[in-house]
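Q: This is what each chain is made of:
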Amino acid sequence: MADYLPHTDEEVHDMLDFLGLDSLEHLFAHIPAAVRLSGGLDIEPGLSEPDVAAIFAGYGEANAARANAMTCFAGAGAYDHEVPAVVKALGSRSEFVTAYTPYQPEVAQGVLQAIFEYQTLISRLAGLPIANASLYDGATALVEALNMAGGATKRSRMYVSAGVHPHWRAVARTFAAGTGHEIVEVPLVDGLTQWGSVDTSDAAAIVAAYPNYLGVVEDLSDARALASAAGGLFIVAGDPVAAGVLKSAGDWGADVFLGEGQPFGTPLAFGGPYLGLFACTMDQVRRLPGRIVGETLDSNGRRSFVTTLRAREQDIRREKATSNVCTNQTLMAVTAAIQLGWLGTSGLRDVATRCAEGAHYLFDAVTAIEGVEAVSSQAFLREFALRLPRRASDVIADMAASGVLAGVAASTLAPAGDPSLEGIENVLLVAVTEKRTRVELDAYADLLRKAVA
Amino acid sequence: MADYLPHTDEEVHDMLDFLGLDSLEHLFAHIPAAVRLSGGLDIEPGLSEPDVAAIFAGYGEANAARANAMTCFAGAGAYDHEVPAVVKALGSRSEFVTAYTPYQPEVAQGVLQAIFEYQTLISRLAGLPIANASLYDGATALVEALNMAGGATKRSRMYVSAGVHPHWRAVARTFAAGTGHEIVEVPLVDGLTQWGSVDTSDAAAIVAAYPNYLGVVEDLSDARALASAAGGLFIVAGDPVAAGVLKSAGDWGADVFLGEGQPFGTPLAFGGPYLGLFACTMDQVRRLPGRIVGETLDSNGRRSFVTTLRAREQDIRREKATSNVCTNQTLMAVTAAIQLGWLGTSGLRDVATRCAEGAHYLFDAVTAIEGVEAVSSQAFLREFALRLPRRASDVIADMAASGVLAGVAASTLAPAGDPSLEGIENVLLVAVTEKRTRVELDAYADLLRKAVA
Amino acid sequence: MAITGLPGGRAASVPLMGHETEPTMFELSVAGRSAAQLRTTGVPTRSLVDMVGAAHVKDEPVALSDLSERDLVGHFTRLSHRQFSVDLGAYPLGSCTMKYNPKFCDAVAADPALNGVHPGAPATLTQGWLELLVDLEEKLCAITGMAAATLQPAAGAAGELTGLLLMRAYHASRGEDRRRVIIPDSAHGTNPASVTLGGYEVTTVPSNERGLVDLEALRGALGPDVAGIMLTNPNTVGLFEEEITEIATAVHDAGGLLYYDGANLNAIVGVVRPGDMGFDIVHMNLHKTFATPHGGGGPGAGPVAVSARLADFLPGPKATRVADGTFDWVAPAQSIGRVHGWHGNAMVLARALAYIDVHGGDGLTRVAQHAVLNANWLRRRLADTLPAAYDRPCMHEAVLSATALKAATGVRGLDVAKALLDEGFHSPTVYFPLIVDEALMFEPTETESPQTLEALAQAVERIVARADTEADELHHSPHHTPVSRVDEARAARHLIATEDAAAR
Amino acid sequence: MAITGLPGGRAASVPLMGHETEPTMFELSVAGRSAAQLRTTGVPTRSLVDMVGAAHVKDEPVALSDLSERDLVGHFTRLSHRQFSVDLGAYPLGSCTMKYNPKFCDAVAADPALNGVHPGAPATLTQGWLELLVDLEEKLCAITGMAAATLQPAAGAAGELTGLLLMRAYHASRGEDRRRVIIPDSAHGTNPASVTLGGYEVTTVPSNERGLVDLEALRGALGPDVAGIMLTNPNTVGLFEEEITEIATAVHDAGGLLYYDGANLNAIVGVVRPGDMGFDIVHMNLHKTFATPHGGGGPGAGPVAVSARLADFLPGPKATRVADGTFDWVAPAQSIGRVHGWHGNAMVLARALAYIDVHGGDGLTRVAQHAVLNANWLRRRLADTLPAAYDRPCMHEAVLSATALKAATGVRGLDVAKALLDEGFHSPTVYFPLIVDEALMFEPTETESPQTLEALAQAVERIVARADTEADELHHSPHHTPVSRVDEARAARHLIATEDAAAR
Ligand SMILES: Cc1ncc(COP(=O)(O)O)c(C=O)c1O
Ligand SMILES: Cc1ncc(COP(=O)(O)O)c(C=O)c1O
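Sequence order for the protein chains is A, B, C and D.
At position 147 of the first sequence the residue is numbered 147 (the numbering used here), and the sequence of numbers has no breaks.
At position 343 of the second sequence the residue is numbered 1343 (the numbering used here), and the sequence of numbers has no breaks.
At position 61 of the third sequence the residue is numbered 2061 (the numbering used here), and the sequence of numbers has no breaks.
At position 81 of the fourth sequence the residue is numbered 3081 (the numbering used here), and the sequence of numbers has no breaks.
Any given hint might turn out to be false.
[Said to hold, decoys possible] List time: in silico DSSO-like cross-link candidates among lysine-lysine, alpha-carbon distance up to 27 Å:
hint: 1; chain 1: A; residue 1: Lys88; chain 2: A; residue 2: Lys435
hint: 2; chain 1: B; residue 1: Lys1088; chain 2: B; residue 2: Lys1435
hint: 3; chain 1: B; residue 1: Lys1320; chain 2: B; residue 2: Lys1154
hint: 4; chain 1: B; residue 1: Lys1154; chain 2: A; residue 2: Lys88
hint: 5; chain 1: C; residue 1: Lys2406; chain 2: A; residue 2: Lys435
hint: 6; chain 1: B; residue 1: Lys1435; chain 2: D; residue 2: Lys3058
[Said to hold, decoys possible] Only some residues are given here: those of chain C computed to face chain D with a beta carbon under 10 Å:
hint: 7; residue: Arg2033
hint: 8; residue: His2081
hint: 9; residue: Ser2085
hint: 10; residue: Tyr2100
hint: 11; residue: Lys2406
[What the hints assert, rightly or not] Cβ pair distances, simulated, as ranges:
hint: 12; chain 1: A; residue 1: Asp446; chain 2: C; residue 2: Arg2309; range: 51 to 57 Å
hint: 13; chain 1: B; residue 1: Glu1373; chain 2: D; residue 2: Asp3500; range: 41 to 47 Å
hint: 14; chain 1: A; residue 1: Ala453; chain 2: B; residue 2: Asp1394; range: 46 to 52 Å
hint: 15; chain 1: A; residue 1: Ser38; chain 2: C; residue 2: His2475; range: 48 to 54 Å
hint: 16; chain 1: A; residue 1: Arg310; chain 2: C; residue 2: Asp2185; range: 48 to 54 Å
hint: 17; chain 1: D; residue 1: Thr3045; chain 2: C; residue 2: Asp2185; range: 54 to 60 Å
hint: 18; chain 1: C; residue 1: His2475; chain 2: A; residue 2: Val198; range: 56 to 62 Å
hint: 19; chain 1: C; residue 1: Ala2331; chain 2: A; residue 2: Val198; range: 44 to 50 Å
hint: 20; chain 1: A; residue 1: Ser228; chain 2: C; residue 2: Glu2470; range: 47 to 53 Å
hint: 21; chain 1: B; residue 1: Pro1415; chain 2: D; residue 2: Glu3138; range: 24 to 30 Å
hint: 22; chain 1: C; residue 1: Arg2309; chain 2: D; residue 2: Ala3110; range: 24 to 30 Å
hint: 23; chain 1: B; residue 1: Arg1310; chain 2: A; residue 2: Arg310; range: 52 to 58 Å
hint: 24; chain 1: D; residue 1: Pro3112; chain 2: B; residue 2: Gly1180; range: 40 to 46 Å
Simulated from the structure, these hints should not be mistaken for laboratory data.
For each residue, glycine too, the CB sits at the ideal point set by N, CA and C.
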């Protein structure tokens, strides 16, 4: 049994005395007995921290795919990037970790300024003038973007490229049940979105992925043109590492950029907490979901930061708010700012370039293997999809036995018949980060050769 | 290649310009060419942090006895105690870690106050009124104590129980070569110091260990009496965890307490950095080695802390200083204060008691094994020495193969013929901490039974 | 030359000494510097244009901020010294449960065997994670008295919306089209916002003079088009809805469902369970009750637990113990689908489980008891200084009101809150809930000691005592914080949300 | 009742806001509280008296400090906010090399595969550590130009004493009884203190007007009873002893050995090696040159490297590569014995090796170059404000003098140093070396940017500019630090070194 309560028995007694009560239970006397729990929770008694640590060590050991035990080639929106000791040390400073949302700016300049810097960085990467203080993850950022488009256009039809991550599309569908949006998924052929296959003239939004989840770098001009023609918003769901070297969403004329910020200093963490990136044009600023930090002055005229345009938010606007988001992912946003500060201009470019170099090196090696084919003939940056002669999940299992996590089986992301792909069972998504060495890439190719032989 | 230099090439150029120099090499032009290094250091070019991390992972893997890979029953002055996450988090705060010696008290109250608290804790554990701000480790603390005794008595003969850790005695001998002290080692019989076997009337110091390195808890009355009779200092080298339950050095009438502070929050760390504890009577305060923090006031009358009695120290007193110590082990001292704050009065007692309970449980189990004998019939607290029917180092090797570090072979600490023990090759020193479970203790006994069968 | 380029250099100073502002990382930036070190890989270099084609390659790299590692560390360390936090002092921010979070949970979350696992790795390679999630779900169900839960929602608000979509799916499965959701006027802002996003209309019911839902008004608002009601209990004025059984019966009788906003669960863990009160859907704010530090605004986790009749609708796939005792991802039969890109905020979930395991059932109950004890003690202690909005035993938070103080001196609740910053404490929540005039909502939490509560009370007393004579100074407080009172209106009027906007 | 017992509660406040003092942990203590959580072991309990006998068992437990984990965290976090550090700002403390230390080295030191290893485990089970030590020894020898090294000494001063004992053993092995060791008057205090502990007498040689050893005086001091000389080069006034070859020849000719105090090695790594200058014994302060943060006063590590003729005397046992390529502990043939309880400050050694590996030979050389560049730039930049003690190119530190300022305005070097704290920078070293009047010893180190140097220079300029008119305020500075000028004399006069002394 352990807890973190300071009170001694004597103190509890004195405090109850002061309240004229006999026991702690009396504090709850006004709760109707009928609903009160008798006999306590059906949860075992508490353990000491070292006891619990032993339980958790057990969970960890049961994860064959844990870091250090396996070389990671899985991507699909979550990437095994270098997070240096310095970023961990700064991001875990307790002042950042144990603060709440900066409601009292006079004592929250640390977090506020860090978010302001984060917003600036994301705005620059997006090529768009304003970014918010973070959303939950890429998938929910997409939902917010669709809601923004719905609000901006008063329309409900959302044309979403099937190149958008299947989980994100799934999340969009889930939430559309509430908003009444209709999600139209535009299929891919050879990894390219077939915009021409649908009539988008009633579009609230046109959503493209850049690169798409198969890794393909699509030309976004058509999509942009369709959005303009329809008067809908053009939304780009982008890989923020790719944004280090590829044209920005803003360059492509996007109204909204959103993405998954995990690659900026957040560990793989079995999928969360991650970081929803969101940036848009100034036209949409009053519809921007979530918190925004702005610069201002204090009463002595010193530069200060504060959350602003609060009238959009749920606590003020209630049922008319642009979004219901309250708790967001600030700590991840602060960490992203630190990681981007560590990388700097050249570092981000180097990371993106090295990912691409590794991916292309591996692509060349594995597509030379008999029976292994590229799913798409199009250009890609740092990940690619392979069609194997066996089920991808079986190949993953085989290669895992040799300490390599070969990638993500497309079938675990999308159901059979997903408009992005045919023959999904045999498709393997492979990602290469700047951490992968040539030796590891060569070993991968060897193992894959054996697995498909 | 990596470094942590901020300067851009352009800045270097500008700075050199300002100095009227052409190149960085010119900064060293006044160094005679004859001694200058040509061709650079014979050390390979720099690597990135992840590259070096891989090298260090290799070192780590080559340590079969690393934490998590082996259950630790080794002690002999270095103990595998619980260090909770909270102590690590606080002790690694960068304000503590990246400060220097508190020479400017106005901006060093954090470290100064933490040391003041540490001094208080050590003083209480020692049962002596003053403690310093730390020394390198237990062994060098012993040397400082002998030097203090030499200074106090103007004598040179130091009677040191052979129950003092053999390494510490070795260190004392090494430094005695400089001070001219004569170290007389008083032998043990059945784990008890044979004070009667020597004439101590010319003693500068009588040094006892409590408990001694074989684990035996000796009665210190005789040793105290001999010191008094001789007019020398009575010095107790104590286990600070034992000080949580055993009589304090002060209770036994010691003039000096010294010890190894590693058990208070410092990891095993292959032997360092550790923490030399040192406390003494007020009579000796002007001879106290190292830094002392004292309370005072600032110019506004607020309580403040500052290093004090500086006239003892090398930077002021130079060749007449009581000690040459400058850099000490402040961070470990701060950590010890945090760990003791975490333990609290009852926690330290519990740790000491649990160590003892585990040790006695194991002692009973292993001394029941055929061929395994206790080295001493005397009372012990948390460690004990066994005489095995085989070389202790062979038994350690055997048990290590099953993931148990069985203890420390006495022969690796002391040479054959050491006055503490006979037949040292077969002696195994076993320590049990509060971390060892009954399951682990039972497993130990089983393995030992097999190893000596 | 660049060397005179302040504030770049200035920044490497002024840490403890208070009142200087810290330059932004962009002001510290010097082109050409870099801290990044990447692994030597031996992979051949290749031109980007070759790889992705010229049409896609950015002409110029995006200018980020170019810092040495030393300046990066200095910058963020100094920023951290401009930030209040639980670890520095008491943070009695009502509704937010700013308790002390054990460092042990940070250590759990730092283990690469958990946080180094890719979410897309197959279940066979992530059995430890799946088991952890199953164990947590079980314990959350035990705590809430529900049948099953989803761990996907990333925060409380996400949980709310998930719950409303569950409500919708449930009614739809019964062929019912219900359009309204009832919420009390004291509800947290996320509740109405979520209702809208769930495709429902908000019907607000007033609170009575006791600060509780007006049962008659509620009965009046009910009807066949009501999908359900959202409540938090204790409610946002810190009071227990004593007529909860009557409320539940009324709503259920009307065919509606009861949604429990679990943000205030800290008050009742182990004392009373939402399921036993009649709730059908419960979200929990793990980051409040189960000790994930708030991180300056997040992350959190907002699992949603439901009664048996709703279990089949839960988001999926869910980690599930399958026949052979191993674990797999299984989608509930009528799942509403995914509500998170992966499996939820997994590391937050792990922390919560560690916290639950350390406390156990008994420890969790003590948490609630001490949280309520502290709040009541503080309420009573300040009774003569700042009276409670409702003069009755509260639960884990005490909503006080500065109405009288304002009337007498002109000093408002906000002034008291700001002056408290000068006293070294974080402010309580102000002006929420909206139904209390000049609300000051104190939530001391269970981890603050009686000594701290007393010191806090004395600080409030000092401030109130100054109101008569020093009202003006209080209007302009705080004075001793890193910045003084901040001009919020200016920020909104002249929006500068990025360094580049600042430069324009 | 206990609840009113301040300052226990007060402590949970006042973090960012500056000028309150923090209670001690004993003042925060409330008997009965505890943060400790120990593992469940299942080991049967037993009475202490049974186990060790009544004569040994303490009657009362020692009262430590009884805190909740929350208060423990609050206390030490607040203390940390009252502490300047490199991570917060520039720390140009001469002789101390307060450079930025890579966080990477902290990560290396946190690896349980290194720091979880018991020092008494046999060599067969600790091969990784032994190899690491051997690798470090090799690299330190390459850097110093020596043949072998001991890694045992725990700090620079311990290295000095070890070196002197080596000197003694060497002379003794040749049947020589030499009694004096020469040190320059500019030497660091540890040097004479170590000489005494090494059993030698100190002979001081004066510096000449150029700040260097007076060669003639040295020659005069030499004789058959001289065991050797201790020098640091660059010396403590930051200047390179240009006549080092002549000095070495003179000492060697007299049968003495040359000891190199490596505290200033940061200035010359990769540029010139002590071995090549003729030194026989060299200690290094790994915590200065090779980046272990100083920890508020330690730990450090002070390995001692020696030329071939001294290698057999080194402390032991030493980690050694043995015939079969594995590693073992081997004692040098004529070893002086152990100088540390175990193997030295192993984690500091590991950090140093990581730092050396990241930099490589080329990077280490750049470190020295940039350290010297920064110091010279600052010296020149401040030439009109505070002139250098010796108007010549310096090495890695610039010793300035406030003599003229003091004469003109009464403002002393100490005042400038204290005023610099108000400017947000750490002070330089003052009044050391003793041979420079009103010395202000700036060591910017290589990790500070030119922008920081400029800001530092401007701060010094501002202070000096104020000296004419605001001398009195400067005498009483600092004003904006957590405490104002501290009464050192009072502390010594009325010694209170523990809470209990305070209570008396
Ligand atoms: C009563 C109440 N409900 C809901 C929420 C929303 O939770 P979250 O911030 O995790 O989205 C909060 C959070 O402040 C709350 O206090
Ligand atoms: C020149 C010089 N020599 C020796 C030392 C002593 O080193 P340490 O403090 O590591 O014992 C120092 C440390 O300040 C120094 O500056």
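Q: Next, verify each hint and record whether it holds.
A: Checked hints:
A distance of roughly 17 Å separates the Cα atoms of Lys88 of chain A and Lys435 of chain A; the hinted pair therefore holds under the 27 Å criterion. At roughly 17 Å between alpha-carbon atoms, Lys1088 of chain B and Lys1435 of chain B fall within 27 Å of each other, so this suggested pair holds. Proximity of Lys1320 of chain B to Lys1154 of chain B is assessed by CA-CA distance (about 14 Å); at most 27 Å being required, the pair is judged to hold. At roughly 54 Å between alpha-carbon atoms, Lys1154 of chain B and Lys88 of chain A are farther apart than 27 Å, so this suggested pair is violated.
A threshold of 27 Å between alpha carbons decides the hint, and for Lys2406 of chain C with Lys435 of chain A the separation of about 61 Å lies outside it, so the pair is violated. Pair hint Lys1435 of chain B plus Lys3058 of chain D holds up; C-alpha atoms about 23 Å apart against a cutoff of 27 Å. The beta carbon of Arg2033 of chain C is positioned within 10 Å of a beta carbon in chain D (closest approach about 8 Å), and the interface hint is therefore held. A distance limit of 10 Å between C-beta atoms decides the matter here; for His2081 of chain C the minimum to chain D is near 6 Å, and the interface restraint holds.
Of the supplied interface hints, the one on Ser2085 of chain C holds, with its beta-carbon coming within about 8 Å of a beta-carbon of chain D, less than 10 Å. With a cut of 10 Å, the hint placing Tyr2100 of chain C at the interface with chain D holds, because the nearest CB-to-CB distance is about 4 Å. At a threshold of 10 Å, the smallest CB-CB gap from Lys2406 of chain C to chain D is about 25 Å, leaving the interface hint violated. Checking the proposed 51 to 57 Å range against Asp446 of chain A and Arg2309 of chain C shows it holds: the Cβ atoms sit about 54 Å from each other.
Distance hint check for Glu1373 of chain B and Asp3500 of chain D: the Cβ-Cβ separation is about 45 Å, which falls inside the suggested range of 41 to 47 Å. Distance hint check: the CB atoms of Ala453 of chain A and Asp1394 of chain B are about 48 Å apart, consistent with the given range 46 to 52 Å. The supplied range of 48 to 54 Å is met by Ser38 of chain A and His2475 of chain C, whose beta-carbon atoms lie about 51 Å from each other. Between Arg310 of chain A and Asp2185 of chain C the Cβ separation comes to about 20 Å, which falls outside the hinted range of 48 to 54 Å.
The given range of 54 to 60 Å is respected by Thr3045 of chain D and Asp2185 of chain C, whose C-beta atoms sit roughly 58 Å from each other. Taking the beta carbon of each, His2475 of chain C and Val198 of chain A are about 60 Å apart, inside 56 to 62 Å as hinted. Ala2331 of chain C and Val198 of chain A have their C-beta atoms about 28 Å apart, which leaves the hinted 44 to 50 Å range violated. At roughly 60 Å, the beta carbons of Ser228 of chain A and Glu2470 of chain C sit outside the given window of 47 to 53 Å.
For Pro1415 of chain B and Glu3138 of chain D, the hinted distance range of 24 to 30 Å is satisfied, since their beta carbons lie about 29 Å from each other. Between Arg2309 of chain C and Ala3110 of chain D the C-beta distance comes to about 50 Å, which lies outside the given range of 24 to 30 Å. Evaluation of the 52 to 58 Å hint for Arg1310 of chain B and Arg310 of chain A yields a pass: the beta carbon distance comes to about 56 Å. Range check, Pro3112 of chain D to Gly1180 of chain B: Cβ separation about 43 Å, and the 40 to 46 Å hint holds.
Going through the hint list in order, the structure does not satisfy hints 4, 5, 11, 16, 19, 20 and 22.
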